[in-house]
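Undergrad: Chains as they are written, first to last, in the working numbering: chain A, 1 to 344; chain B, 1001 to 1344; chain C, 2001 to 2344; chain D, 3001 to 3344.
What the hints contain is simulated information worked out from the structure, not anything from laboratory work.
Hints may be right or wrong, so weigh each one.
Computed beta-carbon distance windows for the label pairs [said to hold, decoys possible]:
no., chain 1, residue 1, chain 2, residue 2, range
1, D, Ala-3113, A, Glu-161, 40 to 50 Å
2, D, Glu-3161, B, Lys-1300, 34 to 44 Å
3, C, Asp-2126, B, Lys-1300, 55 to 65 Å
4, C, Arg-2309, D, Arg-3047, 39 to 49 Å
5, D, Ser-3313, B, Asp-1122, 15 to 25 Å
6, D, Ala-3113, A, Glu-153, 47 to 57 Å
7, C, Arg-2042, D, Val-3106, 57 to 67 Å
8, B, Gly-1272, C, Asp-2126, 36 to 46 Å
9, B, Leu-1343, D, Val-3106, 32 to 42 Å
10, A, Glu-153, D, Ser-3148, 51 to 61 Å
Calculated lysine-lysine pairs in the DSSO-like style (CA-CA distance at most 27 Å, straight line) [said to hold, decoys possible]:
no., chain 1, residue 1, chain 2, residue 2
11, D, Lys-3026, C, Lys-2005
12, B, Lys-1299, B, Lys-1267
13, B, Lys-1018, B, Lys-1299
14, D, Lys-3005, C, Lys-2026
15, C, Lys-2005, C, Lys-2267
16, A, Lys-26, B, Lys-1300
17, A, Lys-162, A, Lys-131
18, A, Lys-300, B, Lys-1026
19, B, Lys-1267, B, Lys-1300
20, C, Lys-2018, D, Lys-3018
21, B, Lys-1005, A, Lys-26
We put the CB at the ideal spot given by N, CA and C, even for glycine.
Protein chains: 4
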Amino acid sequence: MISFKNDYSEGAHPRILKTLMETNLKQEEGYGLDSYSLEAARLIRDRIGREDVDVHFLSGGTQTNLIAISSFLRPHEAAIAAQTGHIFVHEAGAIESTGHKVLAVVTRDGKLAPEQIQPVLDFHTDEHMVKPRLVYLSNPTELGTVYSRQELEDLRSFCDEKGLLLYVDGARLGSALCVPETDLDLGSMAQLTDAFYIGGTKCGALIGEALVIRPPSLRQDFRFYMKQKGALLSKGRLLGIQFLELFRDDLYFELARHANRMAGRLKSAIEGVGFGFLADSPTNQIFPILPDSLIDELKKDFDFYTWSRVDDSHSSIRLVTSWATRQEDVAALIQAIETGRDLR
Amino acid sequence: MISFKNDYSEGAHPRILKTLMETNLKQEEGYGLDSYSLEAARLIRDRIGREDVDVHFLSGGTQTNLIAISSFLRPHEAAIAAQTGHIFVHEAGAIESTGHKVLAVVTRDGKLAPEQIQPVLDFHTDEHMVKPRLVYLSNPTELGTVYSRQELEDLRSFCDEKGLLLYVDGARLGSALCVPETDLDLGSMAQLTDAFYIGGTKCGALIGEALVIRPPSLRQDFRFYMKQKGALLSKGRLLGIQFLELFRDDLYFELARHANRMAGRLKSAIEGVGFGFLADSPTNQIFPILPDSLIDELKKDFDFYTWSRVDDSHSSIRLVTSWATRQEDVAALIQAIETGRDLR
Amino acid sequence: MISFKNDYSEGAHPRILKTLMETNLKQEEGYGLDSYSLEAARLIRDRIGREDVDVHFLSGGTQTNLIAISSFLRPHEAAIAAQTGHIFVHEAGAIESTGHKVLAVVTRDGKLAPEQIQPVLDFHTDEHMVKPRLVYLSNPTELGTVYSRQELEDLRSFCDEKGLLLYVDGARLGSALCVPETDLDLGSMAQLTDAFYIGGTKCGALIGEALVIRPPSLRQDFRFYMKQKGALLSKGRLLGIQFLELFRDDLYFELARHANRMAGRLKSAIEGVGFGFLADSPTNQIFPILPDSLIDELKKDFDFYTWSRVDDSHSSIRLVTSWATRQEDVAALIQAIETGRDLR
Amino acid sequence: MISFKNDYSEGAHPRILKTLMETNLKQEEGYGLDSYSLEAARLIRDRIGREDVDVHFLSGGTQTNLIAISSFLRPHEAAIAAQTGHIFVHEAGAIESTGHKVLAVVTRDGKLAPEQIQPVLDFHTDEHMVKPRLVYLSNPTELGTVYSRQELEDLRSFCDEKGLLLYVDGARLGSALCVPETDLDLGSMAQLTDAFYIGGTKCGALIGEALVIRPPSLRQDFRFYMKQKGALLSKGRLLGIQFLELFRDDLYFELARHANRMAGRLKSAIEGVGFGFLADSPTNQIFPILPDSLIDELKKDFDFYTWSRVDDSHSSIRLVTSWATRQEDVAALIQAIETGRDLR
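I would like the entire structure built from these sequences, with the hints used as guidance.
TA: Structural data, given as structure tokens:
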């Protein structure tokens, strides 16, 4: 069984494990104050091109989202997210657990734009309702789509005008920043958002996300929130070493490009066979719409999620590639789809 | 500079890193449902000797404490802890952050006994106060002291009689269960408590604690709480593999015994020189009381915490050993203390 | 200016104020243990016809909803409500503030039925999502519509089958139970729900809601939750005396019937003129759809909310009557509408 | 049975009830925007002598404390209180329920001073602990003692220097501001604190506390917090009318002076008989230390709390007077104590 179920089926890139081994017995400070974490944060600030951001390393996406958002908001303030947004659906109510409502917006492709946010603001008029305060985006979105620089600039202007914070969940940010047509990079992410995170777990690390925060008011006392929510690891070196390795050179983006390329091959082949997609994803998650009988056939040799029913005889599936996806496995899946193209 | 500052200065035991490498490319399920985590849980249940307990792997002590305690309690219920207890002092208000008060009891040696808990129950008489519901112990305590089986049985009986839950923070449980005079083991821990955790981070792992829960009512839906608080790692294999390696044979306890032995050597030597201790610790944390001038001298070559002022010219310090503490470093510290014995 | 804006524009029914005066200097226990509160609870249990329910008096609807729901749910559990439900929209995120997500269901008339709840259950499949656990209804709904006994029985059966709790917000319960066609009464409310509240503030009291809880597990320690959330009034007699007066005889329902009658007159007259309604409400809130020009005209002499835009030239308005609504004011409004019928 | 158990045994001052009746049928805005509430707030601002404060009316002390403190603090910040402080002991964990730890300081007489707060600041050094941020005082304290202007000025300077907020629980503020020797008034309270509340429930009202907030940052969006915690009453007029009546002239302070005078008579008589007190209280709560046999005797005719055991044969009791305490009841209690003076 070959898995295209997600991008966390395997462990870490070998270079990371190697560095873990080499540094293993060096005595270091705890709780993220080790020399590796400090150096990794410096590398990321260098890549961003500014000194006035804080970089914190956390264990996972839900943890990062809940700590960031709950520390940024006052008790009556709410986040706005796409109805497909990870915080709205797939984090077991983590944000609400910290006391904040998530206001959901129906979207076509998982992306938010000012014209979809404005009605939420219009609706929330007084103290009988929550106060919308933070816009939550995922880039790429949960449907694999990505934001352009123009779209992010529009959102930034809108947020500035309305007094909203802009936060980006970058669980797969590497993938978004490596699509050929993108004009976004880490520098523009830091410039255009109040905070965003660079996902490690789904891009070559064993574990770890790097949260970048820009406004001084949001940076204040952030380590308290991390500690209070159980996110300060006593062996914080584990996170620091991984990001150090990923950002020592271009490894992080190399791994993302590989994942995108593998998904791109699948996409081309599936298009070639004549099947469509739920959304137009240039990243490492694609959502082809296939006949149910073909899906059943594929399930014999491949592992993946059936995503949603499209019509009586078709469903969308989710195929995910990663830094570790092998070309031969992609080829095998393409062949299986081409072979089964006439199944109805 | 040689560090006796804590037991998380180094990485993981080499066998753990080796297994991480060997298993790295195997595709596995996410979120703790990988074969390694399942197998590690089975090994721990075997060691405990009962099937009717759940074992969950989490990232750190504060995270484990806050998720366990907040899931066990109803909103008006409180935890009782020693005033030195980690949850009362050193978790940045993590328990209160989930809505629960921690009721502190002054103790001499960091240990709780029924006669210290009874006054707390007597004081909390009605709905104008919180309802004490859970007794939080650390074994070993934050002062390095340990509970005997009889003490734990007395607490269990007391808790049963009063309708209290008994929870043990085992950040350094290996150390407690390896002191020569102990009559406790994992089986009795599971029998005598409602829940406890087996600390990995401070006993050879890179990261990870294994939480053991016995009563069915507390086991129900526990993975929801883990997810909601950001503790379900997508690459849960990271935790599973480590505990698998630690409990595949006796490695976990071997490492704890080494740490205890190294602390024991320090203790004997310091006693030999004539200095006393803040508490009588048989575990890997000891708290000798030294002249301030000697402490200043030692700080030139060794890293450790000054713990508390004892009198005008003496303070207690904390010395911590670990699985990775080298005999030659212990010898060097002993020599330095013996050399400086006459400093006043 | 005559107000049809809400049913809390005036104070309390004069009999209530009279009894407050007469009892004023009698020394009583505090915190809801006064003889009036105990007697009022007994009267309500008598009216319900069962002894195995607890009755608590609280200050307002949002307070009652948040304390009840947060005490009934474990941290990962969620409430299901209509998208128009008061807890979803108009309580400033009170439920989320206690840590629980509210799952919203789009409805036509503000009412929930099993077939609308089932998809919510189908969608929430595992620990990556919240666990739906409580169904929140309002009776009457925020659109003035009411549930029949059959509808409530169907919901009860459904909830039993699915392991869900059924909770009814009865801010205007008197109005719902007094519509001519209803086959529900306080006894059936207690039988068919796990908890519900009898709204006082909007039915003749100055302040106060009576919460009725049936299952022993939900009744346990409830006064702790009230105290912790600031709902135990030291002069609880204020609430007890009011409900005592409302339920000493049939006053509570008399007042509700008056409000319904006044709304009924408005409704008949508006129908007579040929205007329609947003929903078919037999209770004291009606939502006629009027030409904008007529609305502008009416606003010169009457106070009410414009509710929603219906088309380019029409909007719905909300007209609310109360125990204190005067017949001559209703007549004046009818005349104004009839006079302005040709405004377009 | 005559009660000296508390100052909420009776209802409201008759003038308040009279005004409730007279205003009863006037149609008013809801949720604290009625003309009475607006006027009452203006009267209080006039009395304070400054326009730059917000005044909000809430239902009770626990509710006021929890909403104020939780809205003033960020998630990792803690309140400092005397170990006898109402929020530490008698609010069922209300502050912790909003996520904040209360750090308790042992005091002799229920009062805090800078030298007792400084050690708390010294102890909390980094992100592994909560961050002390708000000093909670009660004036009068739970032991009936009061702060002088100098003491409050010292605390204000200390708080300014340390970046702490200063909040005063004034459940019985009238009593504190009416002791003959005081040099504090509402104006100095507003000047020297960040926020404080003027207790109504225990000083002549049926229900109600008036919260005064000075710093603009703490005033922002405060009505959202009130709504979210269930404190915005739809018939907010109930609170406004009461404070309007209490502050229309000097009624509030007249009632407090009466309560103080009644307690003063008891105190003089008890001192005359030769008994001592737990603390030196000039306010309406006194804590005489009496022989247990005398206490038993008094309990036959009078209702009061036995407060604490003092020695084998003596206990302290709490005697509370109120605006409604009758001179003849005070005389009766004095006579009973004088009669029983030789009981041992």
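Undergrad: Within a Cα-Cα threshold of 27 Å, do C/Lys-2005 and C/Lys-2267 meet the stated pairing?
TA: 16 Å, holds
Undergrad: Has the given pair, B/Lys-1267 with B/Lys-1300, been kept, meaning a C-alpha gap of at most 27 Å?
TA: 21 Å, holds
Undergrad: May I ask you to test the hint 51 to 61 Å on the CB atoms belonging to A/Glu-153 and D/Ser-3148?
TA: 59 Å, holds
Undergrad: Going straight from one Cα to the other, do A/Lys-162 and A/Lys-131 come out at no more than 27 Å?
TA: 12 Å, holds
Undergrad: For the pair supplied as a hint, B/Lys-1005 and A/Lys-26, is the alpha-carbon distance within the 27 Å limit?
TA: 14 Å, holds
Undergrad: Compare the distance between the alpha carbons of B/Lys-1018 and B/Lys-1299 with 27 Å, and conclude whether the hinted pair is satisfied.
TA: 35 Å, violated
Undergrad: Evaluate the given range 40 to 50 Å for the C-beta pair formed by D/Ala-3113 and A/Glu-161.
TA: 48 Å, holds
Undergrad: With 36 to 46 Å as the target window, see if B/Gly-1272 and C/Asp-2126 comply at their CB atoms.
TA: Since the Cβ atoms of B/Gly-1272 and C/Asp-2126 sit about 59 Å apart, the hinted range of 36 to 46 Å is violated.
Undergrad: Does the structure keep A/Lys-26 and B/Lys-1300 at a Cα separation of 27 Å or less?
TA: 19 Å, holds
Undergrad: With a cut-off of 27 Å on the C-alpha distance, tell me whether A/Lys-300 and B/Lys-1026 pass.
TA: 19 Å, holds
Undergrad: Measure nothing beyond the straight line between the CA atoms of C/Lys-2018 and D/Lys-3018; if it is 27 Å or shorter, mark the hint as holding.
TA: Roughly 10 Å between the alpha carbons, so the hint for C/Lys-2018 and D/Lys-3018 holds.
Undergrad: Holds or violated: the 34 to 44 Å window for the beta-carbon distance between D/Glu-3161 and B/Lys-1300?
TA: The hint (34 to 44 Å, Cβ to Cβ) holds, given that D/Glu-3161 and B/Lys-1300 are roughly 36 Å apart.
Comparing the model with each earlier hint shows violations of hints 7, 8, 13; every other hint is respected.
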